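Take these sequences, add in the hints, and give me the full structure.
Here is what each chain is made of, one letter per residue.
There are 4 protein chains.
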Amino acid sequence: MTKKIKAAIVGATGYAGAELVRLLVTHPMVEISGLSSVSFEGKEICEIYPNFKKIGLPTLTDADHAIEDADVVFASLPHGLSEPIAEKCAESGALLIDLGADFRLESEEEYSEWYKKTFDKPTLHEGAVYALPELFREKIKDAKIIANPGCYPTAAALALYPALKNGFIEKSGIIIDAKSGVTGAGRSLTQTTHYPEANESISAYKVGAHRHTPEIEQTLSYAAGEKINLVFVPHLLPVNRGIEETIYARLATDKSIDEIRQAYVDFYIDEQFVRIEPSGVSAQIRNVTRSNYCDISVHVDKRTNTLILCSCIDNMVKGAAGQAIQNMNIYFGFEEDCGIDMLPAGF
Amino acid sequence: MTKKIKAAIVGATGYAGAELVRLLVTHPMVEISGLSSVSFEGKEICEIYPNFKKIGLPTLTDADHAIEDADVVFASLPHGLSEPIAEKCAESGALLIDLGADFRLESEEEYSEWYKKTFDKPTLHEGAVYALPELFREKIKDAKIIANPGCYPTAAALALYPALKNGFIEKSGIIIDAKSGVTGAGRSLTQTTHYPEANESISAYKVGAHRHTPEIEQTLSYAAGEKINLVFVPHLLPVNRGIEETIYARLATDKSIDEIRQAYVDFYIDEQFVRIEPSGVSAQIRNVTRSNYCDISVHVDKRTNTLILCSCIDNMVKGAAGQAIQNMNIYFGFEEDCGIDMLPAGF
Amino acid sequence: MTKKIKAAIVGATGYAGAELVRLLVTHPMVEISGLSSVSFEGKEICEIYPNFKKIGLPTLTDADHAIEDADVVFASLPHGLSEPIAEKCAESGALLIDLGADFRLESEEEYSEWYKKTFDKPTLHEGAVYALPELFREKIKDAKIIANPGCYPTAAALALYPALKNGFIEKSGIIIDAKSGVTGAGRSLTQTTHYPEANESISAYKVGAHRHTPEIEQTLSYAAGEKINLVFVPHLLPVNRGIEETIYARLATDKSIDEIRQAYVDFYIDEQFVRIEPSGVSAQIRNVTRSNYCDISVHVDKRTNTLILCSCIDNMVKGAAGQAIQNMNIYFGFEEDCGIDMLPAGF
Amino acid sequence: MTKKIKAAIVGATGYAGAELVRLLVTHPMVEISGLSSVSFEGKEICEIYPNFKKIGLPTLTDADHAIEDADVVFASLPHGLSEPIAEKCAESGALLIDLGADFRLESEEEYSEWYKKTFDKPTLHEGAVYALPELFREKIKDAKIIANPGCYPTAAALALYPALKNGFIEKSGIIIDAKSGVTGAGRSLTQTTHYPEANESISAYKVGAHRHTPEIEQTLSYAAGEKINLVFVPHLLPVNRGIEETIYARLATDKSIDEIRQAYVDFYIDEQFVRIEPSGVSAQIRNVTRSNYCDISVHVDKRTNTLILCSCIDNMVKGAAGQAIQNMNIYFGFEEDCGIDMLPAGF
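Residue numbers (this note's numbering), protein chains in the order written: chain A, 1 to 347; chain B, 1 to 347; chain C, 1 to 347; chain D, 1 to 347.
Derived from the structure by calculation, the hints contain no laboratory data.
A few of these clues could be false.
[Claimed, not checked] In silico DMTMM-like links for lysine to aspartate or glutamate, alpha-carbon gap of 20 Å or less: (1) D:53 to A:271; (2) B:54 to C:341; (3) C:53 to B:336.
Just so you know, these numbers come straight off a predicted model, no measurement behind them.
Structure, rendered in structure tokens:
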């Protein structure tokens, strides 16, 4: 057997960090060599996540100790904190897979506008690759830093890319109505995510102002060959996991719904993790939960000449930890589905 | 005290029927005089709805017996079955409040296109009023038949009417992304509403093909002064009750968000049951559940020049039984909130 | 019409306080004259509970201002804070209805053992009545202070009282396995009530150590004529509202299940708010939610000679605010169901 | 690599069958060679379970075709249908792992009493092993038929076995209050499992009459060395997956809670899939969901001298498909956690 690589997780006690732990423990090519946490340094992770009882895992340390000897470092941190980790990885030769936003936007101007921060180490950003495997697989293999896409942008880009690339839709007027499970808001306590106030409800938040907007636009602008500005409205959905995005765009083609749907099937024909629904079926969260799949359904409203796409992922897997591992697999030459081939349960 | 009027419910064992029972039992001006059910004729309603134990209620009969002596008849039936009830009410002098779709569309052509059925008794339809009280209160007082609006159309029309009436938005390109609790699908069993398959998921259904589409368009065309065609996509939301609609339209005004919001506040200033959210707050289901309120929030996405409206109701109350009682109150001259003034709980 | 009484709520922004607001707004004999909140003094309650938008309500003040001029004061405070309120009410002549635990236990020793606090004003306690209306109605009319029962104790006492009073069961070995919705844990944020950690789970808490234990035992000891010690284990149930208690006791009678069940029916025959399920049906939360009802089912396991009782209430209504209003109605001579006659919805 | 064994699933479209498919697809030592379904013969399983889209799986056939060439046959059928499958497996030499109840009870008398059916082929039953791996691992290796334990009995037996074996508790008076997620009721539609009636509620069912009772008693009688009769009351819990059982028994020892808890730790020290909670922590469903773990917490109520155990499993994994695969692994000499080593997510 090939020697296992050593993986460290910086920010291991947030939800994305814990999901990385969960998936890496059973990854056949990986050994978890370090876990860091600012809030819980010195504790065992099973004290915070009792689901990890009786699993041998490293004690939580600070980031410096956690990444020592690591071949790959996963960073799952609030934005603005990844550059120093990236520098240390550059020194040690470890690959950084950043689950945060710091290396996702190519334009420092856009980053500054949405995140109110500058690039402190611009040269680091030159080696960063926006790592949505189904669209940018080749670049990932040569990345110096892997910028793991956000959850909403993953579902949006996989759904809209083929339509824009093929010229099926107009480039303006795209609307993304997104719904995310509550884990998307993280482990920190808020009134909004207090059970009695999130349960049996739904509401939009950060209307037209969510930081994933420029990230979605960056990928789609690349597909369209020009700057895309779109409407993105996320909603807090009373489920633990999963994102559903219903996307609206004006048709710019005479192709039939069957032809458009077939173009989607063809576009993703070799992609294990992207599945196009049969005609007439809508993508739904339960068919992807706790898996690395993205399910997409393609609809046309003839009365209004509108293309409607439904795109579903698990926000913690394909939208975070699973995709990060997929990127690691690609970079290190493992089977792409290694450790993340679990099927969704459907119930 | 004024003499109570007698109310009959035809189709009392569907969810809307049971909600009518629940609300009418404590209505101070109403006595329930008859309950009918095809499926459970001869049984007590508390055998089907054990929440109605130890409440004195009429035994379930057929429709003819149920409506005898009634001053008002609520019909909650599958579409296509209300005309015969309407005829009997016309004969007996009872007011019919139809919670179904049969009298909602003025155009027989549209009714035929969407419901695959004709108007068998066209003259009956002439006396029918589409009874959304906040928009058409005056007509309701003189109605011969009250066509109680559908749940989705209620939330959509209350949200979009002021914008169209005031010319704030373009008349084409309106998109309604709607999410409804599972009671909206009724009491009948389906795989889609089986707990393990509805829970922890969401999915669109009847994309661009839901029968509430022409009903929404009818009201909005009236507001706009021309035929409106829009995109309507409903989703099955894993909650028991409540509808949230996020609505997108291109702005056709230079007014600021504050001015637009204020126009909404003014439009509904005298309406007890319609509330406009403060600036920056999104309407959410939990603030209206089990009440007759409709909460609306007004947002503008400047980057794309888009008006975004969020509109929330309880589908069983303002979207069905509560609004039907509101209409009854208007018609009979009771206080408009009589029996339906309960506040939402928020949790 | 009789002049309305003035009601103040001290601690109006906790869940029980907000539920009192909700129910008192539509109570025909009550005017809300004051609302207090330590955390939100000076704010409008609709800033914290947007479900109360567009309802005219007093601004949140401190307790002293809130209770000025009040005929009845509802206190919904953490334990240990009610005695000073009680003193002020004694001075002003207002009735205190205390939703907290401070006046529930007659024995200061037990209070000290479980709450780690003494009675600072023992004379106040002499005028306090443990106000479970179905069991102690007559005493309530003459109360100086109404100690409103806890949620778990209400469901437990109503279920077990007839069995103990009639000698149907052995006095030792009673086990209460209780499940409560998350509102029972209140509005304060905790990891346990964070949506992703409460949802799709259940767990016991405070096993054998919950402070409602001595309160349950006090009422049942009274029924049994001797000191009862029992096992009480609460669980956090992933619903917003409702308590279900499944209660186990060894039979001490030869009566048949039908005879025992009939004795329950007879015991509560004149009680509007207590309902005994038909034979073979289990009480369930959905049949009482958002109402003041308590549903009880009676079962016998012949193989083990065990009486099994299931008892359900809404923890916020019959378990808190609704029962407090029921007590107010009794004290002031209003109809006992005045303002709290809403039926449960069942869905 | 070792040659893969061929596995067939009879009754592949029930929830347990679908869960077997899900887990076996990624089992490194297994190839799924056949899937049968009475209801959906001739269809692809992804038509019923769209979560299985784009996964190569055999078309659904009748049972005879499905089990051809199989080395192991998993049967997930309504009770009373497994004997004919067992006969065919005996002829073909395939191992039968029966997820149903037909081979679980050793006593035909008990089987007849609870299932209203006799053993048609008594000799088949002689080779059947009740296969709870942590308790009966050695017998499994030599089984002719593997009777996979029921979900409730798995959680109950793992929790109570050490206490009975060690004489910590009295043998009479044991009470099991069990709560199960709705998948436990299967895929078939019922009013009880209709989303709006299962959601936001809980209720006991089959009080003292559930068919898992004799199965639990059989294992515990074996541990106790005498016939155990106990009270078992299951509840329908509004979650998709998971069982929590809170178990009450009178202590028959002077050992401290710490000593008892340590005895549990020691009893399961070498068992990967059974975990004892730290002192003061209650087992909860979310820590085992979608994994093969069983978490047990040990509590003592000194006031009443009662041992209280909380035991949690995922009903579809450790309670059905996962344990069936664990048994297959043991029988065929694979690593015991092969294909079922996924960790629970905790959220």
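Hint by hint, here is what the structure shows:
1. Our distance criterion of 20 Å between C-alpha atoms is met by residue 53 (chain D) and residue 271 (chain A), whose separation comes to about 13 Å.
2. A distance of roughly 13 Å separates the Cα atoms of residue 54 (chain B) and residue 341 (chain C); the hinted pair therefore holds under the 20 Å criterion.
3. Simply put, residue 53 (chain C) and residue 336 (chain B) have alpha-carbon atoms about 19 Å apart, close enough for the 20 Å limit, and the pair holds.
Going through the hint list in order, the structure satisfies each hint without exception.
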